[in-house]
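A.B. asks: Residues per chain, in single letters:
2 protein chains.
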Amino acid sequence: MKVTERLAALRQEMREAGLAAYVVPGNDPHASEYMASHWCEMQWLSGFSGEAGTMVVTLEKALLWTDSRYYLQAGIELKDSTIELMRESDIDCPSITEWLTSQESGVKSQELVGVNPEMFSVNDFGEWRDQFSEAGIELKSIDLIKPIWTEGRPAIPQDKLYPYSADFAGETVESKLARMREQLAKKKANAMIISALDEIAWLLNIRGNDVEFNPVVISYVVLEVDKCTLFVDSAKIDSPAQNYLDFNNIDVQPYEAVFDYIRGLQGTVLYDGARVNEALFEAIPEGCKKINTKSPILIDKAKKNAVELEGERIAMRQDAVALTRFFKWLEEEAFSESRVKSQESRVTEWTLMEKLHEFRLMGENFVEESFGTIAGYQGNGAIVHYAATKDHCAEVKPEGMLLLDSGGQYLDGTTDITRTVWLGGRIPQQAKLDYTYVLKGHIALALARFPRGTRGNQLDALAKQFMWEAGITYGHGTGHGVGHFLGCHEGPQNVRTDNNPTALEVGHIISDEPGIYRTGKWGIRTENLITVIPAKQTKATTTEDEWLAFETLTLCFYDTSLIEMSLMTEDEIDWINAYHVRIYKEVSPLLNEDERKYLARKCAAIEFTA
Amino acid sequence: MKVTERLAALRQEMREAGLAAYVVPGNDPHASEYMASHWCEMQWLSGFSGEAGTMVVTLEKALLWTDSRYYLQAGIELKDSTIELMRESDIDCPSITEWLTSQESGVKSQELVGVNPEMFSVNDFGEWRDQFSEAGIELKSIDLIKPIWTEGRPAIPQDKLYPYSADFAGETVESKLARMREQLAKKKANAMIISALDEIAWLLNIRGNDVEFNPVVISYVVLEVDKCTLFVDSAKIDSPAQNYLDFNNIDVQPYEAVFDYIRGLQGTVLYDGARVNEALFEAIPEGCKKINTKSPILIDKAKKNAVELEGERIAMRQDAVALTRFFKWLEEEAFSESRVKSQESRVTEWTLMEKLHEFRLMGENFVEESFGTIAGYQGNGAIVHYAATKDHCAEVKPEGMLLLDSGGQYLDGTTDITRTVWLGGRIPQQAKLDYTYVLKGHIALALARFPRGTRGNQLDALAKQFMWEAGITYGHGTGHGVGHFLGCHEGPQNVRTDNNPTALEVGHIISDEPGIYRTGKWGIRTENLITVIPAKQTKATTTEDEWLAFETLTLCFYDTSLIEMSLMTEDEIDWINAYHVRIYKEVSPLLNEDERKYLARKCAAIEFTA
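Protein chains in written order, with the numbering used here: chain A, 149 to 758; chain B, 149 to 758.
It is possible that part of the hints are untrue.
One copy or any two copies: either way a pair holds, since identical chains are not told apart in the list.
Unchecked claim - Mimicking DSSO-like on lysine-lysine, the simulated pairs with C-alpha atoms at most 27 Å apart in a straight line are: (1) 669 / 437; (2) 256 / 334; (3) 227 / 335; (4) 437 / 256; (5) 745 / 733; (6) 256 / 438; (7) 336 / 256; (8) 150 / 308; (9) 335 / 256; (10) 687 / 669; (11) 687 / 335; (12) 375 / 750; (13) 476 / 294; (14) 256 / 538; (15) 687 / 580; (16) 335 / 324; (17) 476 / 442; (18) 489 / 334; (19) 545 / 150; (20) 209 / 150; (21) 733 / 227.
Keep in mind that the hints were calculated from the coordinates and are not lab data.
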């Protein structure tokens with residue numbers, strides 16, 4: 149079936165259902181960052197293989213909205229598809245609702261636009277409904293992909309789920325369920341619907357292999373005052389898993405049964421409209437009181453307990469060993485004569501990604517990467533979501549700048565680190581300045597001390613102030629939340645310019661990753677994970693405020709050859725030296741003698757020169 | 149009539165109107181910061197003379213909510229009144245709606261709570277209505293103070309309004325009206341209701357003397373596509389004013405006629421629900437489409453034009469002359485032997501306020517103070533809204549710390565400045581540290597460079613970072629917007645921790661005023677006004693972003709004897725020296741020789757020592 153045939157089949161379904169348009173977003177029913185291929189409806193319908201995009205089909209036209217990362221790729225892949233590319237990063241590109249309510253779409257007042265309600269959060273669906281209703285257009289819940297994607301559709305993954313020991317999680321399922329039931333009691337609610345996979349994994353202390361990079365289990369949960377039901381394919385539950393669920397009084401029902409189950413609920417039902425999908429919401433009976441509330445699991449999951457934090461520290465040491473070995477290999481072997489002779493001479497971005505993976509695989513409790521490694525050589529480092537493939541990657545030479553952003557999922561915790569290193573040759577002065585602005589901002593955030601109640605957006609400028617002084621900034625966030633052996637990106641906290649109302653709290657983990665990007669030249673980003681800790685009181689304190697600070701979790705040296713020393717303060721130098729001493733102390737016991745010597749060299753003290 | 153009699157009279161009215169409770173907030177119909185005494189209903193009813201508070205009266209109880217600034221005063225003034233003080237700054241104090249919907253109030257479901265809708269913004273009224281309706285209580289619009297406050301109620305001020313020349317305003321009324329009518333056209337609206345007095349004064353280029361500190365005219369405006377109607381007491385309009393209004397095609401109707409006029413509107417009506425009062429809103433006919441939108445006048449008024457900014461610079465020079473003379477007098481004469489002999493020996497906070505007023509009065513185009521001067525000696529400086537009176541003020545000696553926060557209304561513009569100075573004796577090391585943390589933050593904000601789109605809350609931490617490092621913070625905002633010969637506090641921009649969505653724009657004026665307060669010891673605040681300007685491009689710029697920076701408007705030296713030099717960077721010292729050079733250059737031509745010598749001494753260069 150070609151794309152044009154798929155579009156024709158969809159339009160046939162649309163006609164039968166009386167729809168003027170149908171929208172297929174690049175989502176799954178669980179608001180996931182990484183999706184199982186079963187749900188790649190947008191990609192199947194359009195032939196576009198990028199990760200982000202939304203298809204809009206009317207009886208006359210077909211359009212794909214995607215952002216600037218994918219313009220080139222979409223341009224190629226949509227050729228001959230009759231699908232028009234809508235460049236949504238461009239300032240004059242209409243939004244999907246703007247386009248659909250404009251004359252151009254041909255959709256008229258009183259007509260219907262269809263969407264699969266499983267692919268929309270309650271909040272997003274509500275916003276669209278309101279915007280359409282102003283134009284007299286009705287949003288209709290209907291799945292038109294299921295009847296036409298019958299051949300070759302991948303099944304929902306059926307990998308086994310496994311219990312995740314409280315020795316790692318730091319809290320039993322019993323305790324977590326009790327805490328969440330307190331939340332139910334507080335809101336006088338009878339049930340809570342949970343559809344985000346990392347929330348389910350955290351709540352029930354289970355993990356799985358259903359999607360790449362995130363060790364989650366495709367499932368739903370309905371938590372009630374006296375029971376907890378997990379909706380999951382029975383093929384995923386082997387006998388030890390069944391015993392574990394039985395022991396914890398977790399009922400199991402088939403994945404698809406969640407809708408009927410919700411239809412039988414009574415009383416007050418809690419849901420997080422930003423994460424629960426519209427189809428689940430529509431299944432809640434009319435008679436129920438519905439409370440849209442920020443998920444209490446999301447809030448609690450973000451505050452890591454002492455055991456989770458200790459696990460993070462263990463994972464960081466394993467990750468540091470892999471990175472030390474990788475950078476040693478890169479400096480001493482990648483471009484060595486012996487390697488050239490052995491016909492492995494060509495080093496590419498892909499080689500680096502594979503090599504780093506090899507080193508991580510040697511680590512204890514390593515499970516998989518926490519996201520696709522970004523190895524951006526020279527100008528490729530300036531492409532923020534760059535992803536080299538085996539067939540499309542640059543050759544790396546012992547000269548110039550390399551940006552390496554990677555992370556691991558360990559049973560002990562999740563890591564995410566970016567280092568930018570100079571591979572050889574004369575360093576341009578602007579490269580040193582850029583590296584130093586980034587490093588100073590990175591240190592300023594790590595060193596921040598702030599009163600309880602402070603939000604990430606209040607700290608964002610601390611990481612940017614030095615580059616701002618030079619008229620430089622970056623468009624991505626400065627920091628994202630990080631899960632514990634779960635999503636490498638999680639909420640609700642972050643450090644961004646956006647007005648996120650979430651205050652930073654003790655136990656939150658965030659990344660600290662300012663960057664500077666020069667198109668065609670280089671990208672520089674320096675990233676550690678840091679966790680919020682109580683700050684020591686000082687004698688100077690004027691108020692009753694509780695003070696917070698950060699502990700740096702990541703343990704990997706910076707490339708000090710790139711530092712413009714004249715810009716550094718003595719405090720910053722002291723901080724780097726103390727950090728390098730700590731790295732050597734914590735990581736060297738896990739290395740052999742050669743590696744230790746290498747690490748000692750990389751962690752050598754630098755001197756304040758100004 | 150005693151307070152208890154007033155309460156009895158109110159309860160009689162409540163019974164007749166069938167109300168279970170009546171609420172009297174400390175507001176006027178124009179959302180004013182400074183109110184005409186005609187509207188001091190809360191103060192009249194309660195006998196409490198503080199500026200902020202809300203009275204709640206049920207058939208059994210009477211309560212006054214006020215914040216911690218007024219606990220002491222309210223405690224004294226409410227004695228024998230039967231009114232209970234509700235300490236709203238305390239964490240366990242219920243809000244008014246919480247209390248009224250609780251059992252304690254005795255107000256039951258189906259009962260009515262009355263308020264005068266003129267005293268509530270549309271948005272606040274709506275929030276209360278929603279909160280009450282959850283408890284089944286109805287909010288009723290009714291004025292019960294008018295029938296009982298018949299004796300001795302001050303009239304609405306009848307001072308003359310006067311035209312404010314476009315030579316000062318920088319834009320004609322015609323041009324402003326045309327711009328606002330474009331806003332009407334954009335929203336396809338027929339009329340806009342304007343009730344904020346500073347918006348009316350700005351729009352029509354008029355000023356008045358109706359309230360203290362703000363040169364506004366008590367009035368309403370309804371702006372329509374083809375006419376503009378000013379609702380104002382005819383006593384306020386003399387013949388030149390009438391000519392001016394006629395010339396600009398502004399119709400005049402009596403102040404109270406606004407309600408009937410609004411009842412006659414048709415089509416679509418714009419209003420800013422945060423500023424327009426509920427009574428005006430209720431007058432809009434059912435058949436009209438009502439659009440609640442942020443006032444376009446508020447937005448435009450905040451962006452000062454070149455003439456307004458040049459006026460601000462003129463006003464700043466006048467203000468600097470007054471401050472230079474004041475500080476010279478304070479240092480050289482206030483505690484001099486000749487003065488002691490002449491029986492004026494006692495210097496108090498009140499003396500300082502009067503003396504500063506005298507010096508300001510000598511300034512060209514000075515009209516009045518822009519707010520009540522705060523002269524806080526020693527521990528009084530730590531009381532953030534401290535207001536000394538002639539009878540209640542501390543004696544000032546030639547030792548210790550003085551905080552002086554004051555400002556002037558000049559025809560050319562509005563000023564607001566705080567300086568903290570050391571009057572003599574050994575300076576405690578903590579005082580130097582505190583002063584220096586404040587000064588470093590104050591400079592960091594003044595020096596900030598940031599991309600267009602940056603909000604004040606993103607810059608707030610720049611002013612706090614140094615004191616945060618020492619575990620110190622403050623509760624007030626870092627910066628407020630400032631009007632042009634209008635309110636000393638205006639929106640929509642500010643620099644605070646709150647998630648204010650307003651981005652800083654070229655022409656915005658804000659204050660830059662971090663502070664540190666040590667109860668019983670001292671308060672330190674350093675405040676300049678700064679305005680947003682386009683920043684020069686640098687070679688390093690990586691993006692197309694437009695860059696913004698600040699120009700410092702205020703022209704008054706810092707007390708350099710309080711600086712702990714070892715904490716200062718060379719850049720900060722350079723900035724202070726350049727600022728002091730500029731002050732001397734701009735202010736000294738307006739001084740006599742003695743004063744010039746004094747100013748030269750205060751502006752002497754300091755040296756980087758670290």
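A.B. asks: Does each hint hold? Answer for all of them.
C.D. replies: Okay, the hints, checked on the actual structure:
1. 669 / 437: So residue 669 and residue 437 fail the 27 Å test inside a copy (57 Å) and across (55 Å) alike.
2. 256 / 334: between (46 Å within a copy, 24 Å between copies)
3. 227 / 335: neither (53 Å within a copy, 41 Å between copies)
4. 437 / 256: Classified as between: cross-chain Cα gap 23 Å, same-chain 34 Å, threshold 27 Å.
5. 745 / 733: Only inside one copy: residue 745 and residue 733 sit 13 Å apart there, 61 Å across copies, limit 27 Å.
6. 256 / 438: Result: close only across copies, 26 Å inter versus 33 Å intra.
7. 336 / 256: between (44 Å within a copy, 22 Å between copies)
8. 150 / 308: For residue 150 and residue 308, neither the intra-copy (34 Å) nor the inter-copy (79 Å) Cα distance is at most 27 Å.
9. 335 / 256: This pair counts as between: shortest inter-copy Cα distance 22 Å, intra-copy 43 Å.
10. 687 / 669: between (48 Å within a copy, 15 Å between copies)
11. 687 / 335: neither (42 Å within a copy, 57 Å between copies)
12. 375 / 750: Answer is neither: 55 Å inside a copy and 75 Å across each miss the 27 Å cutoff.
13. 476 / 294: neither (51 Å within a copy, 84 Å between copies)
14. 256 / 538: Neither: 47 Å inside a chain and 72 Å across chains, both beyond 27 Å.
15. 687 / 580: Classified as between: cross-chain Cα gap 15 Å, same-chain 38 Å, threshold 27 Å.
16. 335 / 324: within (17 Å within a copy, 51 Å between copies)
17. 476 / 442: neither (46 Å within a copy, 59 Å between copies)
18. 489 / 334: Classified as neither: same-chain Cα gap 70 Å, cross-chain 72 Å, threshold 27 Å.
19. 545 / 150: This pair counts as neither: shortest intra-copy Cα distance 42 Å, inter-copy 91 Å.
20. 209 / 150: within (17 Å within a copy, 77 Å between copies)
21. 733 / 227: neither (56 Å within a copy, 67 Å between copies)
Of the numbered hints given earlier, the model fails hints 1, 3, 8, 11, 12, 13, 14, 17, 18, 19, 21; all others are met.
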